[in-house]
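Letter by letter, the chains look like this.
There are 2 protein chains.
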Amino acid sequence: MDAISVIRAKRDRGELTDPQIDWVIDAYTRGEVADEQMSALAMAILLNGMTAREISRWTDAMIRSGERMDFSSLGVPTADKHSTGGVGDKITLPLAPLVAACGAAVPQLSGRGLGHTGGTLDKLESIPGWRALLSNEEMLDVLHGCGAVICAAGDGLAPADKKLYALRDVTGTVEAIPLIASSIMSKKIAEGTGALVLDVKVGSGAFMKNLDDARELARTMVGLGRSAGVATVALLTDMSTPLGLTAGNALEVRESVEVLAGGGPADVVELTLALAREMLAAAGVHGKDPADALRDGSAMDHWRRMIAAQGGDPDAPLPVAREQHVVPAPATGVLTALDAYAVGVTAWRLGAGRARKEDPVQAGAGVELHAKPGDPVTAGQPLLTLHTDTPERFPYALEALDGAVTVAPAGTAFTPAPIVLDRIG
Amino acid sequence: MDAISVIRAKRDRGELTDPQIDWVIDAYTRGEVADEQMSALAMAILLNGMTAREISRWTDAMIRSGERMDFSSLGVPTADKHSTGGVGDKITLPLAPLVAACGAAVPQLSGRGLGHTGGTLDKLESIPGWRALLSNEEMLDVLHGCGAVICAAGDGLAPADKKLYALRDVTGTVEAIPLIASSIMSKKIAEGTGALVLDVKVGSGAFMKNLDDARELARTMVGLGRSAGVATVALLTDMSTPLGLTAGNALEVRESVEVLAGGGPADVVELTLALAREMLAAAGVHGKDPADALRDGSAMDHWRRMIAAQGGDPDAPLPVAREQHVVPAPATGVLTALDAYAVGVTAWRLGAGRARKEDPVQAGAGVELHAKPGDPVTAGQPLLTLHTDTPERFPYALEALDGAVTVAPAGTAFTPAPIVLDRIG
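Protein chains in written order, with our numbering: chain A, 184 to 608; chain B, 184 to 608.
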């Protein structure tokens with residue numbers, strides 16, 4: 184077996200055999216297949232595709248490159264959620280303690296933001312004292328004590344994926360459905376969850392810009408999860424405009440706490456409840472209605488215990504950015520579009536995101552929305568408030584908003600897109 | 184400008200702009216674009232192609248990555264030949280001194296064998312004392328004194344191509360017409376020849392297995408040469424069976440000397456004369472008929488001077504392999520096929536070629552043919568003689584001959600393919 188023959192097979196539109204896939208993933212993890220060989224193979228996969236069998240074997244080989252976690256000792260069904268990434272997508276924060284409050288355990292391995300999309304760990308790190316890095320034992324302890332844990336994936340989990348993801352990021356080979364699906368699912372299957380709900384975002388602020396691609400990705404991932412014995416469903420959800428009224432780190436934590444307190448923006452509450460119901464159903468837990476757990480304070484109680492168990496102070500004031508800049512509505516009428524990608528890039532440029540993996544983020548930076556598509560607006564009223572510690576970034580951030588806002592004449596009939604567009608499973 | 188945006192443009196079937204091409208070649212040469220980025224781009228080029236404009240700019244950028252040679256001080260028209268590589272292709276050896284004897288100067292930069300195809304420098308190095316590595320000044324001196332020089336390309340010539348070729352070799356991205364054409368032509372244009380004849384091989388022993396691909400490659404290269412001001416023509420020639428009666432290093436030198444002495448196999452003489460006439464016509468030199476230069480000893484005279492000027496002893500006995508093994512004809516009748524690729528792999532395995540660039544080759548190893556397609560054969564007569572210093576290689580070498588020989592019943596009508604299949608220019 185050698186790298187060139189595997190690359191050639193895929194280059195010439197062949198189907199890779201099981202031994203070829205097993206060998207190339209293992210040899211790449213060990214460093215025997217070089218980065219320049221794997222990137223050529225990734226480009227051939229992106230352009231020539233993979234069959235369902237190939238994707239399944241590829242995922243399996245990545246899982247076998249590392250350890251598998253096991254939560255069966257908990258004696259409670261486990262459920263996890265994965266979002267393909269969006270703008271203002273803070274759903275994991277209220278969702279994990281909410282599902283825990285309803286009786287399923289939530290072992291949530293999360294990531295950091297890259298580019299215009301935010302990362303759950305970056306958001307939670309704006310809480311003073313909170314720690315993302317836990318040992319496997321600490322993770323199990325928090326999960327046992329609080330019913331939910333949100334932390335970074337350890338180095339032992341799917342190391343082949345870790346290496347391949349970093350390579351794809353710099354070689355223009357991210358946007359391949361077989362590689363996206365196997366990357367996500369290898370980590371989630373290795374993590375050992377019993378049930379998994381996928382939130383596949385569609386729209387300008389998402390990875391998948393159209394419904395057909397999103398549906399193909401969702402179907403591929405649901406198939407992979409089920410054949411690995413994980414009860415998996417996917418919701419396709421709208422990402423043409425930001426979720427909720429904030430995009431940033433501390434800004435999104437504040438909004439999540441509002442949801443846990445029984446308030447918060449309607450779209451965030453709706454999506455949180457929809458995902459919670461899917462997770463509980465997939466885990467086979469039928470006790471409490473998640474809407475009740477938001478009202479009766481039990482979800483908030485789980486949140487406070489989970490944050491405290493990971494070193495955070497749930498009562499500490501959240502960081503606030505040093506400078507604000509208000510963007511007024513350009514006209515009077517009905518707001519019909521507030522582009523998710525543009526808001527994401529604006530928040531990123533304000534300091535909420537990072538250009539390179541090793542960059543720090545600003546806890547207080549981001550964008551606050553004062554209206555959502557469908558709302559009436561008056562020319563000159565505050566539409567957005569931009570937050571940053573580094574005001575010299577304002578002009579660059581404002582550039583990203585060019586063309587992002589559309590206001591139609593007052594009285595124009597306009598119905599915003601529903602949050603949940605489709606369900607696969 | 185960044186590598187990912189260039190990779191994405193080609194990945195998404197776009198046409199690269201001049202600044203994108205200039206930047207990516209320059210940045211790759213300087214090490215700013217990483218190998219894993221260039222290999223992803225090479226795979227995207229292989230699968231999505233390039234326009235004539237892109238190939239031309241790519242070639243130009245590779246030329247500008249290094250120095251350009253200039254032979255105008257010679258005061259004599261210059262002509263060079265490039266073969267895309269085959270089995271038993273020793274044509275450069277008699278051709279360069281032959282064309283010099285007819286009045287054009289031949290600055291021939293040659294390469295080494297890799298895989299089943301032989302390399303001109305490896306062949307000449309079987310002559311005791313002969314040196315392939317010359318400084319630019321030495322090269323000019325030999326050319327001035329002998330009318331022809333055959334040597335290795337210096338490190339200063341198209342360094343981008345040198346780096347890219349080594350990368351393509353290990354990443355399954357060799358077989359892309361835009362990349363093959365720009366690789367060959369960047370070196371030949373930078374070399375500074377006034378006229379160029381391309382010998383594009385077609386058949387099992389060649390890189391291009393069918394006439395259509397070979398024609399496309401030839402047309403691409405002829406176009407590149409002409410737009411750079413080099414008088415360029417291409418012959419498409421048969422490589423379904425080895426050229427001449429030998430494949431190896433010293434074995435091919437011996438056969439070349441026979442041709443220079445006025446003898447040698449008919450196909451080698453025919454192709455040598457056809458290429459010599461094309462080179463002289465392209466260089467605008469109309470004095471002597473190359474056939475006369477073979478008969479009157481002037482070509483041999485130029486050969487002896489050229490070999491001696493590069494440290495070689497034209498009278499020294501050539502190395503002979505320590506062991507021989509005779510392969511008999513399997514049946515009586517007419518030999519209708521003797522596969523070039525199989526013979527090439529056999530010679531390679533006997534030690535005439537190398538698996539890695541840094542491996543040494545055996546001077547005496549190779550295959551001798553006792554019949555060519557079209558010849559009558561008798562069962563049991565010697566058909567091939569295998570030569571090696573390492574007889575433990577015989578079984579492995581013989582394996583490569585499986586299915587390589589076809590003998591039809593005596594009296595079967597059979598006309599071998601012509602040597603020259605087509606002419607582009």
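Please keep in mind that the hints were generated in silico from the structure rather than gathered at the bench.
Mixed in with the good hints, there may be bad ones.
Chain copies aren't distinguished; within one or between two, either way the pair holds.
Unchecked claim - Pairs of lysine to aspartate or glutamate, EDC-like flavour, derived with a Cα cap of 20 Å: (1) K540 - E215; (2) K540 - D185; (3) K471 - E399; (4) K345 - D558; (5) K471 - D201; (6) K392 - D195.
These figures come from a predicted structure and were not determined experimentally.
Going through the hints against the structure:
no., hint, result
1, K540 - E215, "between (25 Å within a copy, 19 Å between copies)"
2, K540 - D185, "between (32 Å within a copy, 17 Å between copies)"
3, K471 - E399, "neither (33 Å within a copy, 70 Å between copies)"
4, K345 - D558, "neither (42 Å within a copy, 61 Å between copies)"
5, K471 - D201, "neither (44 Å within a copy, 63 Å between copies)"
6, K392 - D195, "between (29 Å within a copy, 15 Å between copies)"
Going through the hint list in order, the structure does not satisfy hints 3, 4, 5.
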